[in-house]
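Trainee: Sequence:
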Amino acid sequence: MPLKSWSVTCIEFEEGDLFSFVVAFSQLAPVFVCVSLATLCAFQRDLRVAVFFVGQLFDAAFNQVVKRIIKQPRPHGITNASLRTDYGMPSNHSEFILFFSTYAALVVLFRCKFQHKLWKAPLVVGLYLIALVVAYSRLLFTHHTLEQVVVGAIVGFFMAILWFALDTYVFGPYVYPVIEEWSLAKYFYIKDSCKVDNLLKWEWEECRKRGGAHKKTKLAVVPKEKTKKTR
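Under this note's numbering, the first residue of the sequence shown carries the number 1, and numbering increases by one thereafter.
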(Lines of atoms letter the chains of each structure in order from A and count residues from 1; the text may use other names and numbers.)
(Lines give C-alpha, C1' and ligand atoms only; values in the text may rest on other atoms or scores of the structure.)
Protein backbone atom coordinates (compact mmCIF):
# COMPACT_ATOMS: atom_id res chain seq x y z
CA MET A 1 0.00 0.00 0.00
CA PRO A 2 1.54 3.38 -1.01
CA LEU A 3 2.27 5.90 1.74
CA LYS A 4 0.44 9.23 1.84
CA SER A 5 1.88 12.35 3.49
CA TRP A 6 -0.24 14.69 5.60
CA SER A 7 -0.57 18.10 3.95
CA VAL A 8 -0.82 19.93 7.30
CA THR A 9 2.75 19.04 8.31
CA CYS A 10 4.33 18.68 4.87
CA ILE A 11 6.42 21.77 4.01
CA GLU A 12 8.80 22.61 1.17
CA PHE A 13 11.40 25.37 0.91
CA GLU A 14 14.35 26.36 -1.27
CA GLU A 15 17.54 24.86 0.10
CA GLY A 16 19.94 27.48 1.47
CA ASP A 17 17.30 30.26 1.41
CA LEU A 18 16.61 31.45 4.98
CA PHE A 19 13.59 33.55 3.97
CA SER A 20 12.05 30.59 2.17
CA PHE A 21 12.65 28.39 5.22
CA VAL A 22 11.03 30.88 7.65
CA VAL A 23 7.98 31.34 5.42
CA ALA A 24 7.67 27.59 4.89
CA PHE A 25 8.03 26.94 8.63
CA SER A 26 5.12 29.32 9.28
CA GLN A 27 2.85 26.79 7.56
CA LEU A 28 3.13 24.63 10.69
CA ALA A 29 1.20 27.32 12.60
CA PRO A 30 -2.00 25.19 12.78
CA VAL A 31 -0.06 22.44 14.57
CA PHE A 32 1.46 24.88 17.08
CA VAL A 33 -1.91 26.54 17.69
CA CYS A 34 -3.71 23.25 18.35
CA VAL A 35 -0.97 21.97 20.68
CA SER A 36 -0.92 25.29 22.56
CA LEU A 37 -4.71 25.44 23.00
CA ALA A 38 -4.87 21.79 24.07
CA THR A 39 -2.13 22.43 26.65
CA LEU A 40 -3.95 25.48 27.99
CA CYS A 41 -7.17 23.47 28.27
CA ALA A 42 -5.40 20.73 30.23
CA PHE A 43 -3.61 23.01 32.69
CA GLN A 44 -5.97 25.98 33.08
CA ARG A 45 -9.30 24.10 32.95
CA ASP A 46 -10.83 27.32 31.59
CA LEU A 47 -14.15 27.15 29.74
CA ARG A 48 -13.25 30.18 27.61
CA VAL A 49 -10.09 28.50 26.34
CA ALA A 50 -11.95 25.24 25.72
CA VAL A 51 -14.59 27.03 23.63
CA PHE A 52 -11.83 28.82 21.71
CA PHE A 53 -10.28 25.43 20.91
CA VAL A 54 -13.62 23.90 19.94
CA GLY A 55 -14.30 26.87 17.67
CA GLN A 56 -10.92 26.46 16.03
CA LEU A 57 -11.58 22.77 15.34
CA PHE A 58 -15.12 23.51 14.12
CA ASP A 59 -13.74 26.08 11.68
CA ALA A 60 -11.23 23.54 10.33
CA ALA A 61 -13.99 20.95 9.87
CA PHE A 62 -16.23 23.55 8.20
CA ASN A 63 -13.42 24.32 5.76
CA GLN A 64 -13.18 20.67 4.70
CA VAL A 65 -16.94 20.50 4.11
CA VAL A 66 -16.90 23.66 1.96
CA LYS A 67 -13.92 22.35 -0.02
CA ARG A 68 -15.79 19.18 -0.92
CA ILE A 69 -18.85 21.18 -1.95
CA ILE A 70 -17.00 23.66 -4.19
CA LYS A 71 -14.43 21.12 -5.48
CA GLN A 72 -12.11 23.75 -6.92
CA PRO A 73 -8.66 22.30 -7.73
CA ARG A 74 -5.40 23.78 -6.54
CA PRO A 75 -3.13 25.76 -8.91
CA HIS A 76 -1.59 23.92 -11.87
CA GLY A 77 2.05 23.04 -11.49
CA ILE A 78 1.93 22.43 -7.75
CA THR A 79 5.06 20.50 -6.72
CA ASN A 80 3.80 18.97 -3.46
CA ALA A 81 2.38 15.58 -4.45
CA SER A 82 0.32 15.26 -1.24
CA LEU A 83 -1.66 18.38 -2.18
CA ARG A 84 -2.49 17.52 -5.79
CA THR A 85 -5.49 15.39 -4.88
CA ASP A 86 -6.82 17.88 -2.31
CA TYR A 87 -9.20 20.72 -3.19
CA GLY A 88 -8.07 24.32 -2.78
CA MET A 89 -11.12 26.55 -2.22
CA PRO A 90 -11.01 27.98 0.40
CA SER A 91 -7.45 27.80 1.73
CA ASN A 92 -7.41 25.80 4.98
CA HIS A 93 -4.25 27.45 6.35
CA SER A 94 -5.50 30.93 5.52
CA GLU A 95 -8.89 30.31 7.12
CA PHE A 96 -7.39 28.60 10.17
CA ILE A 97 -4.84 31.30 10.97
CA LEU A 98 -7.30 34.16 10.38
CA PHE A 99 -9.76 32.52 12.75
CA PHE A 100 -7.05 32.18 15.40
CA SER A 101 -5.61 35.69 14.95
CA THR A 102 -9.02 37.38 14.90
CA TYR A 103 -10.39 35.49 17.91
CA ALA A 104 -7.17 36.07 19.89
CA ALA A 105 -7.23 39.75 18.91
CA LEU A 106 -10.82 40.08 20.16
CA VAL A 107 -9.81 38.48 23.46
CA VAL A 108 -6.91 40.92 23.80
CA LEU A 109 -9.06 43.94 22.94
CA PHE A 110 -12.20 43.18 24.94
CA ARG A 111 -11.27 40.74 27.73
CA CYS A 112 -7.64 41.10 28.72
CA LYS A 113 -6.99 43.73 31.37
CA PHE A 114 -3.44 45.04 31.12
CA GLN A 115 -1.82 47.44 33.55
CA HIS A 116 -0.56 49.29 30.48
CA LYS A 117 -3.05 49.39 27.60
CA LEU A 118 -0.24 50.15 25.15
CA TRP A 119 0.46 46.40 25.04
CA LYS A 120 -2.80 45.72 23.20
CA ALA A 121 -1.87 47.31 19.87
CA PRO A 122 1.49 45.49 19.44
CA LEU A 123 -0.13 42.16 20.34
CA VAL A 124 -2.94 42.59 17.81
CA VAL A 125 -0.51 43.74 15.11
CA GLY A 126 1.74 40.75 15.88
CA LEU A 127 -1.17 38.32 15.55
CA TYR A 128 -2.11 39.65 12.13
CA LEU A 129 1.51 39.72 10.97
CA ILE A 130 1.71 36.00 11.72
CA ALA A 131 -1.51 35.49 9.77
CA LEU A 132 -0.11 37.49 6.86
CA VAL A 133 3.06 35.39 6.71
CA VAL A 134 1.10 32.12 6.77
CA ALA A 135 -1.29 33.32 4.06
CA TYR A 136 1.62 34.57 1.94
CA SER A 137 3.36 31.20 2.24
CA ARG A 138 0.44 29.53 0.48
CA LEU A 139 0.97 31.84 -2.49
CA LEU A 140 4.76 31.72 -2.47
CA PHE A 141 4.84 27.95 -2.83
CA THR A 142 1.82 27.91 -5.21
CA HIS A 143 -0.28 25.78 -2.87
CA HIS A 144 -3.27 28.05 -3.50
CA THR A 145 -4.41 30.78 -5.84
CA LEU A 146 -4.84 34.34 -4.57
CA GLU A 147 -8.61 33.90 -4.72
CA GLN A 148 -8.47 30.76 -2.54
CA VAL A 149 -6.28 32.48 0.06
CA VAL A 150 -8.45 35.62 0.20
CA VAL A 151 -11.70 33.66 0.50
CA GLY A 152 -10.19 31.50 3.24
CA ALA A 153 -9.07 34.60 5.13
CA ILE A 154 -12.51 36.22 4.87
CA VAL A 155 -14.30 33.06 6.05
CA GLY A 156 -11.90 32.63 8.98
CA PHE A 157 -12.26 36.30 9.96
CA PHE A 158 -16.06 36.27 10.11
CA MET A 159 -16.24 32.81 11.67
CA ALA A 160 -14.06 34.10 14.52
CA ILE A 161 -16.30 37.12 15.07
CA LEU A 162 -19.41 34.91 15.08
CA TRP A 163 -17.86 32.42 17.51
CA PHE A 164 -16.65 35.20 19.81
CA ALA A 165 -20.15 36.71 19.83
CA LEU A 166 -21.66 33.31 20.73
CA ASP A 167 -19.16 32.90 23.55
CA THR A 168 -19.81 36.40 24.88
CA TYR A 169 -23.60 36.62 24.62
CA VAL A 170 -24.75 32.97 24.81
CA PHE A 171 -22.18 30.62 26.35
CA GLY A 172 -20.89 33.08 28.96
CA PRO A 173 -24.16 34.13 30.61
CA TYR A 174 -26.26 30.98 30.06
CA VAL A 175 -24.04 27.91 29.59
CA TYR A 176 -20.92 28.38 31.73
CA PRO A 177 -22.79 28.97 35.04
CA VAL A 178 -24.62 25.66 34.53
CA ILE A 179 -21.44 23.74 33.67
CA GLU A 180 -19.60 25.16 36.70
CA GLU A 181 -22.22 23.59 39.00
CA TRP A 182 -21.72 20.08 37.62
CA SER A 183 -20.04 17.68 40.04
CA LEU A 184 -17.55 16.64 37.38
CA ALA A 185 -16.66 20.27 36.66
CA LYS A 186 -16.05 20.91 40.37
CA TYR A 187 -13.93 17.77 40.65
CA PHE A 188 -11.65 18.86 37.77
CA TYR A 189 -11.68 22.56 38.83
CA ILE A 190 -13.29 23.66 35.56
CA LYS A 191 -14.06 27.37 35.69
CA ASP A 192 -14.81 30.57 33.82
CA SER A 193 -11.81 32.79 34.51
CA CYS A 194 -13.36 35.76 32.70
CA LYS A 195 -14.78 36.82 36.08
CA VAL A 196 -11.24 37.85 37.10
CA ASP A 197 -10.07 41.11 35.51
CA ASN A 198 -6.37 40.25 35.34
CA LEU A 199 -5.88 36.52 35.85
CA LEU A 200 -2.09 36.61 35.67
CA LYS A 201 -1.87 39.39 38.27
CA TRP A 202 -4.45 37.70 40.50
CA GLU A 203 -2.53 34.39 40.46
CA TRP A 204 0.70 36.24 41.24
CA GLU A 205 -0.87 38.12 44.16
CA GLU A 206 -2.40 34.93 45.58
CA CYS A 207 0.95 33.12 45.40
CA ARG A 208 2.62 36.06 47.14
CA LYS A 209 -0.02 36.06 49.88
CA ARG A 210 0.25 32.32 50.45
CA GLY A 211 4.04 32.52 50.43
CA GLY A 212 4.01 35.38 52.94
CA ALA A 213 1.58 33.55 55.22
CA HIS A 214 3.75 30.42 55.09
CA LYS A 215 6.85 32.40 56.13
CA LYS A 216 4.99 34.05 59.02
CA THR A 217 3.82 30.65 60.24
CA LYS A 218 7.39 29.35 60.24
CA LEU A 219 8.66 32.39 62.13
CA ALA A 220 5.91 32.02 64.70
CA VAL A 221 6.70 28.34 65.31
CA VAL A 222 10.50 28.59 65.65
CA PRO A 223 10.63 30.73 68.84
CA LYS A 224 8.23 28.36 70.64
CA GLU A 225 10.49 25.41 69.86
CA LYS A 226 13.50 27.29 71.18
CA THR A 227 11.75 28.21 74.44
CA LYS A 228 10.81 24.57 75.01
CA LYS A 229 14.43 23.52 74.61
CA THR A 230 15.69 26.18 77.06
CA ARG A 231 13.27 24.97 79.69
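Check the hints yourself; a few may be wrong.
Simulated DEER-style distance windows between Cβ atoms [as the list claims (entries may be wrong)]: (1) Glu206 with Phe21: 19 to 25 Å; (2) Val65 with Leu184: 27 to 33 Å; (3) Lys117 with Trp204: 15 to 21 Å; (4) His76 with Lys120: 25 to 31 Å; (5) Trp182 with Glu203: 21 to 27 Å.
Under the rule of at most 27 Å between Cα atoms (straight-line distance), these lysine-lysine pairs were calculated in the DSS-like manner [to be verified]: (6) Lys117 with Lys201; (7) Lys191 with Lys120; (8) Lys113 with Lys201.
Hint data in this document are derived by calculation from the structure and do not stem from the laboratory.
Small disclaimer: the values here were computed from a predicted structure and weren't measured.
Yeah, the Cβ is synthetic: ideal placement off N, Cα and C, and Gly gets one too.
Trainee: If a hint holds in the structure, say so; if it does not, say that too.
Mentor: Hints, verified against the model:
1. Glu206 with Phe21: 19 to 25 Å: The hint (19 to 25 Å, Cβ to Cβ) is violated, given that Glu206 and Phe21 are roughly 43 Å apart.
2. Val65 with Leu184: 27 to 33 Å: Given a distance of about 31 Å, which is inside 27 to 33 Å, the answer is holds.
3. Lys117 with Trp204: 15 to 21 Å: 19 Å, holds
4. His76 with Lys120: 25 to 31 Å: 43 Å, violated
5. Trp182 with Glu203: 21 to 27 Å: 24 Å, holds
6. Lys117 with Lys201: 15 Å, holds
7. Lys191 with Lys120: 25 Å, holds
8. Lys113 with Lys201: Holds, because 10 Å separates the two Cα atoms, which is no more than 27 Å.
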